[in-house]
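J.: Residue-level listing of the chains:
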Amino acid sequence: MKVTQGQFSFLPDLTDADIAKQVEYALEKGWAVAVEYTTDPHPRNTYWTMWGNPMFDLKDPAGVMMEITACRREHGGKYIRVLAFDSKKGWESIRMNFMINRPEYEPGFELVRAEGPGRTVRYTLRSHSTAAYPAAS
Amino acid sequence: MNKISDVKITDMKERYKSGVLKYKQMGYWEPDYEPKPTDILAVFRITPQDGVDPEEAAAAVAGESSTATWTVVWTDRLTDSEYYRAKAYRVDPVPGTPGQFFAFIAYDLDLFEEGSIANLTASIIGNVFGFKPLKALRLEDMRIPPHYLKTFQGPATGIVAERERMNVYGRPLLGATMKPKLGLSGRNYGRVVYEALKGGLDFTKDDENINSQPFMHWRDRFLYCMEGVNKAMAETGEVKGTYLNVTAGTMEDMYERAEFARDLGSVIIMIDLVIGYTAIQSMAKWARRNDMILHLHRAGHSTYTRQKNHGVSFRVIAKWMRMAGVDHIHAGTVVGKLEGDPNVIRGIYDTCRENYTPQNLQHGLFFDQDWASLKKMMPVASGGIHAGQMHQLLTYLNDDVVLQFGGGTIGHPQGIQAGAIANRVALECMVKARNEGRDIWNEGPQVLSEAARWCTPLRAALDTWKDVTFDYASTDSVDYVPTPTAS
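Here the protein sequences come in this chain order: Z and P.
Just so you know, we're using this note's numbering here: the first sequence kicks off at 1 and counts up by one.
Just so you know, we're using this note's numbering here: the second sequence kicks off at 1 and counts up by one.
Just so you know, not all the hints are guaranteed correct.
[As the list claims (entries may be wrong)] Which residues of chain Z face chain P? A few of them, derived with a C-beta cut under 7 Å, are:
hint, residue
1, 10
2, 102
3, 111
4, 112
[Said to hold, decoys possible] Here are some, though not all, of the chain Z residues that point toward chain P, as calculated from beta-carbon distances under 8 Å:
hint, residue
5, 3
6, 5
7, 11
8, 12
9, 15
10, 25
11, 39
12, 47
13, 72
14, 78
15, 85
16, 90
17, 94
18, 95
19, 120
20, 121
If you're looking for bench data, these hints aren't it; they were derived computationally from the structure.
Even for Gly, the Cβ is constructed at its ideal location relative to N, Cα and C.
Produce the entire structure from the sequences given, and follow the hints as far as they go.
T.: See below:
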């Protein structure tokens, strides 16, 4: 399966030039770019591991690209995403989110159905990756 | 009939003599009145009957929407009546439309109960719309002061928290209304939900008239829909939702349906505008208590929003709904099958999404409006739109919107999943191109055809709907056009 989180997951994988242009767009808007990675892309796994803090003071896309490259070198087999944080009043949240790296094999999720009263079902999504490597998530 | 003077009568004995006075004489016309920051302001489009003076007509609207009745009553003198009277303070002719006038009226804050759209509207659009001396009357816009806004909950979730819950940033959300509207069994219906979400949409949606009919009981629909939602989540790793319509005949039924949706793990429920303002506010409070996004379908609105001379403009309905506390509101597409002048739509979208909207007559906004940090409402663009219009949709509507392609997903020649893929690819390639600095308004079709080279479903969508447009003149347009100013 392919995890399709993020704003560009339906497009062909972004090249470094593509990524740099998106980073430039974020910086022009005054947003701080951040890089995060995980082995567990469960849709409700909100907090991926931060590759350092959001780069509030970095205004040059080339600097951001260096961090992206460094993160990829260390965590090449994992999911890596780029986020842009907007500190403006009324937003104070994420404004961009796109995936820039994913493992070669994506194990996906098991849908666990617990049957309840009547015909109701309680659904649980379980990441195959955390089942295989419980400590690695 | 003797000509009665229409000057405001200040001698109290004279003023309260039994009989009939003009509204201006009673004090509802105050051209020198300076609106207070706490006043609620309204601008009406009035079409007086032949021979009725526009200022008198404006005064009558002020009177009939606040304290007045048709004759003098002595019991006014038991009250601080000057204070409670609404004041018409300005009348402007409508540009280019003889016989119509914009009447500006100020209402004191104390005329209204806090936190009640029902009470606000019972005054402002209560009796007055049937008033005989007017041929027609339309509420064009309102200014709600922060003092009154802060007595309302506002959107249960808001745009920012909705995006955080859905984990979708940097692009419009995608949805589709399930079709056919009527007749699908629960099992068949859930199939359409699953296919569309699996294909790449964030949301699917019940239609406004899907409640609990003989062909599909509501519990059946909810159960099968949630099977589809969860299965699609497992296969994509994305958060998905389906707007389960909980509209029903009584509040008790609606609460029961909403609770069932919550217990099944739905992130969103839906109501129709026709349930009424109080029911909407009740559901908004329920949604806030239960971490639920609340979608509003504006069923019925065109009966009173579409014609320019009579009714309530949709920008006012949008204001009331942001106060009432819904998270999603259908707000027009510009390019689709339903009414929508680009300038009017812009004014409505700003009303949904901005924290401050300055007066902008070209967008139909008559007043500066400070939203006092009330949460933002996500506009929904739905009705006759397709992937080939993506560059226009993104230019007109920007990122914070749910684009709903119902027929444009389900009617795809290669199936529902292919329809969803086509829409998602069209959207993502257009956002990417825009962020890269490309001029998507002009290069949009080229951006789409570049993507269609590697995406067969998009190619098929573009071929199927390439010539579909709904190019009709709008009935609800703005009256002000920009005039060049010397610089």
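J.: State for each hint whether it applies.
T.: Checked hints:
For residue 10/Z, the interface hint holds, the least distance from its beta-carbon to any beta-carbon of chain P being 5 Å, beneath 7 Å. Restraint check, residue 102/Z versus chain P: the minimum CB separation of about 10 Å is more than 7 Å; hint violated. Restraint check, residue 111/Z versus chain P: the minimum CB separation of about 4 Å is within 7 Å; hint holds. With its C-beta approaching chain P no nearer than about 9 Å, residue 112/Z sits outside the 7 Å limit, and its interface hint is violated.
Interface hint at residue 3/Z: satisfied, since its Cβ lies 4 Å from the closest Cβ of chain P, which is below the 8 Å cut-off. Taking 8 Å as the C-beta cut-off, the interface hint given for residue 5/Z holds, the closest approach to chain P being about 6 Å. The criterion of a C-beta within 8 Å of any C-beta in chain P is met by residue 11/Z, whose closest approach is roughly 5 Å, and the hint holds. Proximity of residue 12/Z to chain P holds as hinted, the smallest CB-CB distance being about 7 Å (cut-off 8 Å).
Taking 8 Å as the C-beta cut-off, the interface hint given for residue 15/Z is violated, the closest approach to chain P being about 12 Å. Among the interface hints, the one on residue 25/Z holds; its C-beta lies about 4 Å from the nearest C-beta in chain P, closer than the 8 Å criterion. Because the beta carbon of residue 39/Z sits about 13 Å from the nearest beta carbon in chain P, more than 8 Å, this interface hint is broken. Interface restraint check for residue 47/Z: the shortest CB-CB distance to chain P comes to about 12 Å, outside 8 Å, so the restraint is violated.
Because the smallest distance between the Cβ of residue 72/Z and any Cβ of chain P comes to about 20 Å, over 8 Å, the interface hint for this residue is violated. For residue 78/Z, the interface hint is violated, the least distance from its beta-carbon to any beta-carbon of chain P being 14 Å, above 8 Å. Because the closest C-beta pair between residue 85/Z and chain P is about 10 Å apart, greater than 8 Å, the hint is violated. At about 5 Å, the closest approach between the beta carbon of residue 90/Z and any beta carbon in chain P falls short of 8 Å, and the interface hint on this residue holds.
At its closest, the beta carbon of residue 94/Z sits 5 Å from a beta carbon of chain P; the interface hint therefore holds under the 8 Å criterion. Among the interface hints, the one on residue 95/Z holds; its C-beta lies about 6 Å from the nearest C-beta in chain P, closer than the 8 Å criterion. Given the 8 Å rule on beta carbons, the hint for residue 120/Z holds: about 7 Å separates it from the nearest Cβ of chain P. Proximity of residue 121/Z to chain P holds as hinted, the smallest CB-CB distance being about 7 Å (cut-off 8 Å).
Checked against the numbered hints listed earlier, the structure breaks hints 2, 4, 9, 11, 12, 13, 14 and 15; every other hint is satisfied.
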